[in-house]
Amino acid sequence: MQINLTGRHLDITEPLKEFVDEKFSKLERHFDHINNVYVILSVEKIRQIAEATVHVNGAEIFANSESEDMYAAIDLLIDKLDRQVIKHKEKMTRH
48 MQINLTGRHL DITEPLKEFV DEKFSKLERH FDHINNVYVI LSVEKIRQIA EATVHVNGAE
108 IFANSESEDM YAAIDLLIDK LDRQVIKHKE KMTRH
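Following my numbering, the numbering of the sequence shown begins with 48 at its first residue and continues without gaps.
Worth flagging that the hints you see were computed from the coordinates, not collected in a lab.
Keep in mind that the hints are not guaranteed to be accurate.
[As the list claims (entries may be wrong)] Once the Cα atoms are required to be at most 25 Å apart in a straight line, the calculated SDA-like pairs of lysine to any residue come out as:
#1 K92 <-> K73
#2 K64 <-> T140
#3 K134 <-> E115
#4 K138 <-> F109
#5 K70 <-> E113
#6 K64 <-> K138
#7 K127 <-> R141
#8 K64 <-> Y85
#9 K134 <-> E98
#10 K92 <-> D58
#11 K73 <-> I50
#12 K92 <-> L123
#13 K138 <-> K92
#14 K136 <-> K92
#15 K127 <-> E107
#16 K73 <-> S114
#17 K92 <-> E107
#18 K136 <-> S114
#19 K70 <-> E107
#20 K73 <-> N111
#21 K92 <-> M48
With these hints in hand, go ahead and build the complete structure from the sequences.
Take a look at the structure:
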């Protein structure tokens, strides 16, 4: 799984990059057909926004979240993506 991390109005620090890598490895445990992940972290005044597009076999999954803390926004994002990836996996196994 390749993770492309972009920061808007934000410097991507090494601890932040490691946190994102660690959290996205959780998704790969549920579904190993993840090809690419595009993550955009941005700051707008006091809002910390995390959004991601996950390319899986046969689909593209998108989610975004926002919080006052970037790490909390990433956690919320992973939770949303996790639910969507599991739902996609269930659809794949039914067909």
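Okay, the hints, checked on the actual structure:
Taking the CA atoms of K92 and K73, the gap is near 30 Å; set against the 25 Å cutoff, the hint is violated. With a C-alpha separation of about 32 Å, the suggested pairing of K64 with T140 is violated against the 25 Å cut-off. Under the criterion of a C-alpha separation no larger than 25 Å, the hint pairing K134 with E115 is inconsistent with the structure, at around 28 Å. For the suggested pair K138 and F109, the alpha carbons sit about 17 Å apart, so the restraint of at most 25 Å is met.
Using a Cα cut-off of 25 Å, the hinted pair K70 and E113 holds, with the two alpha carbons roughly 16 Å apart. Restraint check for K64 and K138: the C-alpha separation of about 31 Å exceeds 25 Å, so the hint is violated. Between the alpha carbons of K127 and R141 the distance comes to roughly 22 Å, so the proposed pair stays at or under 25 Å and holds. Among the hinted pairs, K64 with Y85 is consistent with the structure: their alpha-carbon atoms are about 13 Å apart, no more than 25 Å.
As the CA atoms of K134 and E98 are separated by approximately 19 Å, the hinted pair is consistent with the 25 Å bound. Between K92 and D58 the CA atoms are separated by roughly 15 Å; this keeps the pair inside 25 Å, and the hint holds. Between K73 and I50 the alpha-carbon distance is near 13 Å, which keeps this suggested pair within the 25 Å criterion. About 19 Å separates the Cα atoms of K92 and L123, which keeps this hinted pair within 25 Å; it holds.
With a CA separation close to 39 Å, the supplied pair K138 and K92 exceeds the 25 Å bound. Straight-line distance between C-alpha atoms of K136 and K92 comes to about 37 Å, which puts the hinted pair past the 25 Å bound. At roughly 14 Å between alpha-carbon atoms, K127 and E107 fall within 25 Å of each other, so this suggested pair holds. For the hint linking K73 to S114, the alpha-carbon distance of about 21 Å falls within 25 Å, and the restraint holds.
Only pairs whose Cα atoms come within 25 Å are accepted, and K92 paired with E107 is rejected, the gap being roughly 30 Å. Straight-line distance between C-alpha atoms of K136 and S114 comes to about 28 Å, which puts the hinted pair past the 25 Å bound. For the hint pairing K70 with E107, the CA-to-CA distance comes to about 19 Å; that is within 25 Å, so the pair holds. Under the criterion of a C-alpha separation no larger than 25 Å, the hint pairing K73 with N111 is consistent with the structure, at around 17 Å.
A C-alpha spacing of about 32 Å is found between K92 and M48, which places the hinted pair above 25 Å, so the restraint is violated.
Of the numbered hints listed earlier, those contradicted by the structure are 1, 2, 3, 6, 13, 14, 17, 18 and 21.
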